[in-house]
Amino acid sequence: MTLWTPDIEPPHVPIRPLGWVLVSLRGLILGTVTFGCLGLLLLVRLVERPLHGLHRPWTPWIVQFVCATAFFILGIRYHVEGQRMQQPGAVVSNHVGWLDIFALNARKRVYFVSKSEVADWPGIGWLARATGTVFINRNPREAKAQQQIFEDRLLAGHKLLFFPEGTSTDGRRVLSFKPTLFQAFFTPHLVHEMYIQPVTLVYRAPVAADQRFYGWWGDMEFGPHLLQVLAAWRQGSVTVIYHPPLKVDDFTDRKALALAAEAAVRSGFPAELRDE
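According to the UniProt record's numbering, the sequence shown is numbered sequentially starting from 1.
Note that these hints are calculated values from the structure, not bench results.
Quick caveat, the model's predicted, so the values are computed rather than measured.
It is possible that part of the hints are untrue.
[To be verified] Between beta-carbon pairs, the in silico distance windows are:
no.: 1; residue 1: D250; residue 2: F35; range: 41 to 49 Å
no.: 2; residue 1: A156; residue 2: L43; range: 19 to 27 Å
no.: 3; residue 1: A156; residue 2: P11; range: 19 to 27 Å
no.: 4; residue 1: N137; residue 2: L18; range: 40 to 48 Å
no.: 5; residue 1: V21; residue 2: I124; range: 20 to 28 Å
From the three backbone atoms N, C-alpha and C, an ideal C-beta is built for every residue, glycine too.
Model the full structure from these sequences, guided by the hints.
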């Protein structure tokens, strides 16, 4: 996975005593809700899997509850614009950081597509596997097997979600979309049935904070960034904008589809937040 690495990162802001109180309280509550519900999800999945196989009629509700509750615990205002796609297919979005997982799961039943290394990350890897994340390895020799996994999941009704930028940013720009993963939707079994819904994520920083506050990119460490977010007394907001779905059959190839999805995502990005 390519890392987006600008020259200057946000300045480190020391956490004050009140901030550490918020870190403790929010961290305890968020951890309890997240891992408590993970345990519940695994128990429910013991029944759900033999009855429904790839279909998951129950456990996604647990994931949505956790993700929606996370914003309440953190104090981050959460807004939604547009209509969620009902047609079969996938969702694509700009990528700002780890909060995207909560933002995109809170209102829509999706299954993330992630690089294979994430499966081995402590904590995050367990959550990703339990919630049905599709892990991909960029080894060309495995391309056919991975294509079959995509088809099986899509034909089972899963809405896969991936970030075509290929990396996260500071939340003040949309990078060019890479067309590679769009190719999966042009197979004969899928091309006439699938839709792609572009989604724009717009983060606004807390008052007086660096406008890139919620961005997590490049070589930034997860722990310090998480602490900064937990410690913020007055939080900012995130807006999830759902754009009209794009019918795969209306495009000649993956590049045309990727460009159209990118244009839709850019159209929802406020001019006052752009650094481009």
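Consistency of the hints with the structure:
no.	hint	in the structure
1	D250 to F35: 41 to 49 Å	holds, 43 Å
2	A156 to L43: 19 to 27 Å	holds, 22 Å
3	A156 to P11: 19 to 27 Å	violated, 46 Å
4	N137 to L18: 40 to 48 Å	holds, 45 Å
5	V21 to I124: 20 to 28 Å	holds, 26 Å
Going through the hint list in order, the structure does not satisfy hint 3, though it satisfies all others.
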